[in-house]
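Going by UniProt numbering, the letters in the sequence shown line up with residues 1 to 426, in that order.
Source of the hints: derived by calculation from the structure; they are not laboratory data. It cannot be assumed that every hint is accurate.
As the list claims (entries may be wrong) - Cross-link-like lysine to any residue pairs, in silico, SDA-like; alpha carbons within 20 Å at most: (1) K16 to T5; (2) K16 to N46; (3) K68 to N30; (4) K68 to L32; (5) K16 to G83; (6) K68 to N46; (7) K68 to N183; (8) K68 to S28; (9) K75 to G51; (10) K348 to L32; (11) K68 to Q100; (12) K16 to S35; (13) K68 to T176; (14) K348 to Q128; (15) K68 to Y181; (16) K68 to Y204; (17) K16 to P4; (18) K348 to T135; (19) K16 to K68; (20) K75 to G15; (21) K16 to H62; (22) K75 to P11; (23) K75 to S35; (24) K348 to S35; (25) K68 to P126; (26) K68 to A174; (27) K348 to L124; (28) K348 to G130; (29) K16 to S70; (30) K16 to V69; (31) K68 to S35; (32) K348 to Y204; (33) K16 to Q3; (34) K16 to I60; (35) K68 to G157.
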Amino acid sequence: MWQPTTAVTPPSATGKTYYVNGATGSNSNNGLSPSTAFATPQQAANVVQAGDTVLIAAGIYHSTIYPKVSGAAGKPITFGSDGSGPAIIDGSTPVTGWTQLSGTVWTAPINFTPIAVVVNNTPLKPSQSGVSGVTSGSGLWYASGGILTVDFGSTMGTANPSTADIVVPNNNGAQTVVYFYNNNYLTFNGLTVRGSGAGGIWGYGSNIIVSNCNLEFNGKAGVNFMAMQGNANANNQVLYSRVANNVLLNWPRGNNGFADAGGGWSGGLAFTNSLNGVARGNVVYDNGGEGIISYGSSPGTPTGGTLFEQNVAFDNWSVNMYFDNQPNDIARQNILFNHPMNTNDWLKPPSAGYPWNQLYKYSVGLMLADEYNSSGGSANLANTQVYPAGHPKLLHLWPVKLPQAGRSDYAYSAAVAMREAASFRR
Numbered sequence: 001m002w003q004p005t006t007a008v009t010p011p012s013a014t015g016k017t018y019y020v021n022g023a024t025g026s027n028s029n030n031g032l033s034p035s036t037a038f039a040t041p042q043q044a045a046n047v048v049q050a051g052d053t054v055l056i057a058a059g060i061y062h063s064t065i066y067p068k069v070s071g072a073a074g075k076p077i078t079f080g081s082d083g084s085g086p087a088i089i090d091g092s093t094p095v096t097g098w099t100q101l102s103g104t105v106w107t108a109p110i111n112f113t114p115i116a117v118v119v120n121n122t123p124l125k126p127s128q129s130g131v132s133g134v135t136s137g138s139g140l141w142y143a144s145g146g147i148l149t150v151d152f153g154s155t156m157g158t159a160n161p162s163t164a165d166i167v168v169p170n171n172n173g174a175q176t177v178v179y180f181y182n183n184n185y186l187t188f189n190g191l192t193v194r195g196s197g198a199g200g201i202w203g204y205g206s207n208i209i210v211s212n213c214n215l216e217f218n219g220k221a222g223v224n225f226m227a228m229q230g231n232a233n234a235n236n237q238v239l240y241s242r243v244a245n246n247v248l249l250n251w252p253r254g255n256n257g258f259a260d261a262g263g264g265w266s267g268g269l270a271f272t273n274s275l276n277g278v279a280r281g282n283v284v285y286d287n288g289g290e291g292i293i294s295y296g297s298s299p300g301t302p303t304g305g306t307l308f309e310q311n312v313a314f315d316n317w318s319v320n321m322y323f324d325n326q327p328n329d330i331a332r333q334n335i336l337f338n339h340p341m342n343t344n345d346w347l348k349p350p351s352a353g354y355p356w357n358q359l360y361k362y363s364v365g366l367m368l369a370d371e372y373n374s375s376g377g378s379a380n381l382a383n384t385q386v387y388p389a390g391h392p393k394l395l396h397l398w399p400v401k402l403p404q405a406g407r408s409d410y411a412y413s414a415a416v417a418m419r420e421a422a423s424f425r426r
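Go ahead and model the full structure; you've got the sequences and the hints to work with.
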């Protein structure tokens, strides 16, 4: 299970070891020792070859990790924390130049469109009544005309926000912070990835391992493995990681009209068109989409055989665990539950005519579905096994809408624990 400590990544045993240190490094160095470290992870990503390891010192890096080459079997390329403290890869643009407007409300200039504001690990709600709604103690934010207005009263009182840890993801839904395209045999270990307008760690490739990582405050998925036409993402794994407060495009609950539309969001930890993926020992919660999802297929792309085991998933929007059109998937020894519904997580209080009847999705533990749009017209969930099982809201079978779509041969028994728990939270 994920542990709230910084993992230590060992030096390479099959290639070179590069070092990154934002405080003491320089990208004009060779990166081959702690005293000649690079300043940014991307500089290391530009030069690594199969078998190399990149050790990243504690710090916040407004940088990318976009490898140019693949690793190989027995010689992966590894990007990991050196164990000195959280190595944070942050895709957000730093916001500076704060000016006090009144009380606990401050303003700052920006040159992008934010989708969320997170202050000291607490996501704030956007004002529904414009800048006039951002008042002292409201805990709201609003952006317009190149000015970001934020009330910090609920998170840091009267302190100057220049001392706070502030993450403001932008609206770039294709942002590549930690990204791979047709790259294979990569390992990401012990990293925190946050602040992306898109996914935290995402891309197209096989034999990718994400382990002991902390994925938080990203606009879309914390992790999303995707496939290209005719080329599955295969043998990818997410192990012992925390995936929380992602899919900020759909947070707070009901944001962007998703409660009205009934769909359109990402999952927190997503295997899209996946073959033989594994999610094990992860803690996945408070994401604005499904918690852990194995989703979709396309013609000519082999999929299925994904294993979800020994994960804890709770309080995710829509569904805590979701299988769509994936043959021979298995879910076992997972704990799925929801705390009592909290309207503080909603965009605005429920009222007559406001579509909060859609929030029934909030209570679903596990869903099996065959979405036509995800399948290319060939839905197949045969032999999906779910065990142990049992709770009135544990299992929801999404309706079959088309004759060519089929769900069959489900196996589930006993009980997935759906508990009211005091706290699995950070």
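Quick rundown of the hints versus the structure:
1. K16 to T5: violated, 26 Å
2. K16 to N46: Holds: K16 and N46 sit about 14 Å apart, inside 20 Å.
3. K68 to N30: holds, 18 Å
4. K68 to L32: holds, 19 Å
5. K16 to G83: holds, 18 Å
6. K68 to N46: holds, 6 Å
7. K68 to N183: With a Cα-Cα distance of about 8 Å, the restraint between K68 and N183 holds, given a limit of 20 Å.
8. K68 to S28: With a Cα-Cα distance of about 19 Å, the restraint between K68 and S28 holds, given a limit of 20 Å.
9. K75 to G51: Between K75 and G51 the Cα gap is close to 4 Å, so the pair holds against 20 Å.
10. K348 to L32: violated, 52 Å
11. K68 to Q100: Given that 20 Å is the threshold and the Cα spacing comes to 44 Å, the pair is violated.
12. K16 to S35: holds, 15 Å
13. K68 to T176: The hint holds at about 13 Å.
14. K348 to Q128: The hint holds at about 8 Å.
15. K68 to Y181: Since the Cα atoms of K68 and Y181 sit roughly 9 Å apart, the hinted pair holds (cutoff 20 Å).
16. K68 to Y204: Answer holds: K68 to Y204 is near 13 Å, not above 20 Å.
17. K16 to P4: At roughly 29 Å apart (the allowed maximum being 20 Å), P4 and K16 break the hint.
18. K348 to T135: Judged against 20 Å, a Cα distance of about 16 Å means the pair holds.
19. K16 to K68: Given that 20 Å is the threshold and the Cα spacing comes to 16 Å, the pair holds.
20. K75 to G15: Judged against 20 Å, a Cα distance of about 8 Å means the pair holds.
21. K16 to H62: Judged against 20 Å, a Cα distance of about 24 Å means the pair is violated.
22. K75 to P11: Judged against 20 Å, a Cα distance of about 13 Å means the pair holds.
23. K75 to S35: violated, 25 Å
24. K348 to S35: violated, 52 Å
25. K68 to P126: Since the Cα atoms of K68 and P126 sit roughly 38 Å apart, the hinted pair is violated (cutoff 20 Å).
26. K68 to A174: holds, 18 Å
27. K348 to L124: holds, 13 Å
28. K348 to G130: This hinted pair holds, its Cα atoms lying about 14 Å apart.
29. K16 to S70: holds, 15 Å
30. K16 to V69: holds, 15 Å
31. K68 to S35: The given pair, whose Cα atoms are some 25 Å apart, is violated under the 20 Å limit.
32. K348 to Y204: Measuring from Cα to Cα gives roughly 37 Å; hence the hint is violated.
33. K16 to Q3: violated, 28 Å
34. K16 to I60: violated, 24 Å
35. K68 to G157: violated, 45 Å
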